[in-house]
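Enquirer: Given these sequences and hints, build the entire structure.
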Amino acid sequence: MDYREEFYSARWHLDVAKRMLGVYDEYAEKRVLVGVIREGAKSAGKLVRAFLIREGAKGNLQTFMIDVAPRYLSEEEICGVVGILNLERDQKLARVEFVRNDKVLLEVGGKWKILEVSRLREIIGHIGSVVENFRQV
41 MDYREEFYSA RWHLDVAKRM LGVYDEYAEK RVLVGVIREG AKSAGKLVRA
91 FLIREGAKGN LQTFMIDVAP RYLSEEEICG VVGILNLERD QKLARVEFVR
141 NDKVLLEVGG KWKILEVSRL REIIGHIGSV VENFRQV
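Add 40 to the 1-based position in the sequence shown for this note's numbering, that's all there is to it.
The set of hints was computed from the structure by calculation and includes no laboratory data. Each hint should be verified, as a subset may be incorrect.
As the list claims (entries may be wrong) - Straight-line C-alpha distance at most 30 Å; calculated BS3-like pairs for lysine-lysine:
hint: 1; residue 1: LYS70; residue 2: LYS143
hint: 2; residue 1: LYS153; residue 2: LYS132
hint: 3; residue 1: LYS58; residue 2: LYS132
hint: 4; residue 1: LYS153; residue 2: LYS58
hint: 5; residue 1: LYS151; residue 2: LYS98
hint: 6; residue 1: LYS153; residue 2: LYS70
hint: 7; residue 1: LYS143; residue 2: LYS98
hint: 8; residue 1: LYS82; residue 2: LYS151
hint: 9; residue 1: LYS98; residue 2: LYS132
hint: 10; residue 1: LYS82; residue 2: LYS153
hint: 11; residue 1: LYS132; residue 2: LYS82
hint: 12; residue 1: LYS58; residue 2: LYS151
hint: 13; residue 1: LYS70; residue 2: LYS58
hint: 14; residue 1: LYS143; residue 2: LYS58
hint: 15; residue 1: LYS143; residue 2: LYS132
hint: 16; residue 1: LYS153; residue 2: LYS143
hint: 17; residue 1: LYS82; residue 2: LYS70
hint: 18; residue 1: LYS132; residue 2: LYS151
hint: 19; residue 1: LYS82; residue 2: LYS98
hint: 20; residue 1: LYS98; residue 2: LYS70
hint: 21; residue 1: LYS70; residue 2: LYS151
Expert: Structure follows, in structure tokens:
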């Protein structure tokens, strides 16, 4: 598979996530934020695959974080990519989730995790900068 296909798919999923964040401003609904998390994670996963394919590296997220990402991305961008992937995993495992006052509350493994919408916007912004960095590489 060509890395460009993965990149274009990542960019498309990122655009969907950004549009959904815009919709959330007008229509504050939990389902919208769940969609933002899922689309952001799809974008991050596609970016990881695109970087690995372009570098000719075989591996997974750990290979990406250790070998590939430090050459191209800042520490914040790496944390954003990994953060959205972890957030998607937590959201899937959550027994209880709800949105209150621009905060997403997830009960994962008996512990409550709180995600503010502003932090989600920040993570999506980091993924956007990764897309821009990928274009320049």
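Enquirer: Now tell me, hint by hint, if it's right for this structure.
Expert: Results of checking the hints against the structure:
1. LYS70 - LYS143: Given pair LYS70, LYS143 holds - Cα atoms ~10 Å apart, limit 30 Å.
2. LYS153 - LYS132: holds, 13 Å
3. LYS58 - LYS132: Within the cut-off at roughly 21 Å; holds.
4. LYS153 - LYS58: Holds: LYS153 and LYS58 sit about 23 Å apart, inside 30 Å.
5. LYS151 - LYS98: violated, 35 Å
6. LYS153 - LYS70: holds, 15 Å
7. LYS143 - LYS98: Not OK: LYS143 and LYS98 at ~38 Å, beyond 30 Å, violated.
8. LYS82 - LYS151: holds, 25 Å
9. LYS98 - LYS132: holds, 27 Å
10. LYS82 - LYS153: Roughly 21 Å between the alpha carbons, so the hint for LYS82 and LYS153 holds.
11. LYS132 - LYS82: Since the Cα atoms of LYS132 and LYS82 sit roughly 14 Å apart, the hinted pair holds (cutoff 30 Å).
12. LYS58 - LYS151: holds, 29 Å
13. LYS70 - LYS58: Cα-Cα ~16 Å, so holds.
14. LYS143 - LYS58: holds, 18 Å
15. LYS143 - LYS132: holds, 17 Å
16. LYS153 - LYS143: This hinted pair holds, its Cα atoms lying about 10 Å apart.
17. LYS82 - LYS70: With Cα atoms ~19 Å apart, LYS82 and LYS70 stay inside 30 Å; holds.
18. LYS132 - LYS151: holds, 14 Å
19. LYS82 - LYS98: Holds, at about 19 Å.
20. LYS98 - LYS70: This hinted pair is violated, its Cα atoms lying about 37 Å apart.
21. LYS70 - LYS151: Status holds; Cα separation ~20 Å.
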